[in-house]
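Student: Chains as they are written, first to last, in this note's numbering: chain Z, 1328 to 1439; chain R, 15 to 124.
These are calculated hints, taken from the structure and not from any lab test. Careful: at least some of the hints might be erroneous.
[What the hints assert, rightly or not] Here's a subset of chain R near chain Z, in silico, CB distances under 10 angstroms, partners left out:
#: 1; residue: 27
#: 2; residue: 59
#: 3; residue: 115
By construction, the Cβ of each residue, glycine as well, lies at the ideal position given by its N, Cα and C atoms.
The residues making up each chain are set out below.
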Amino acid sequence: ETGVTQSPTHLIKTRGQQVTLRCSSQSGHNTVSWYQQALGQGPQFIFQYYREEENGRGNFPPRFSGLQFPNYSSELNVNALELDDSALYLCASSLGQWETQYFGPGTRLLVL
Amino acid sequence: DAKTTQPPSMDCAEGRAANLPCNHSTISGNEYVYWYRQIHSQGPQYIIHGLKNNETNEMASLIITEDRKSSTLILPHATLRDTAVYYCIVRTGSARQLTFGSGTQLTVLP
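Start from the sequences, fold in the hints, and give me the full structure.
Tutor: Listed below in structure tokens is the structure:
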């Protein structure tokens, strides 16, 4: 059974650019949640996708958006990157909206 | 979700049991206690969760007090690879997100 995978592992962008991060959920999982983890802090919830629809959002601006595909994989898009967007971005999949979440290894984004 | 309080750091000798406490005095009846750990720069790893009863799996045991206001995660035989930040999270059955606090940095010493 394949766990949660994320790509790329590392990414460097400049301020104002746009970025797309990808996540493949664990086999059989239909829900994907995204988190941002700044250095030295715990992960912060961005949003969740369930059956291809956004299903809950944390305190993040609209320039953070996402998609979920029919195979339940997901993308996180961030527009107009700011320096403070530098962080580890984590994807977690689960069997349902309220089930146990299993995390991928993360994508480390550096904005210069 | 109820707030949790954990010590910022703990040490444990290799081979000994590591007992990580968590206080969640405002927990309500439908809130679960979850434990995750995060080894440096990796994604959080699910360990265990419970509602009222004590739980055990291949990784750890979770002891929840009868009043549910606190819990303890027990790693029975800690190894160097158990060095990580351990997060205690209280989550309602209807909450989509996990709310992480600061966690406990556990260092297993040789």
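Student: Hint by hint, note whether the structure agrees.
Tutor: Against the structure, the hints:
| no. | hint | verdict |
| --- | --- | --- |
| 1 | 27 | violated, 27 angstroms |
| 2 | 59 | holds, 7 angstroms |
| 3 | 115 | holds, 6 angstroms |
Consistency with the previously given hints fails for number 1 only.
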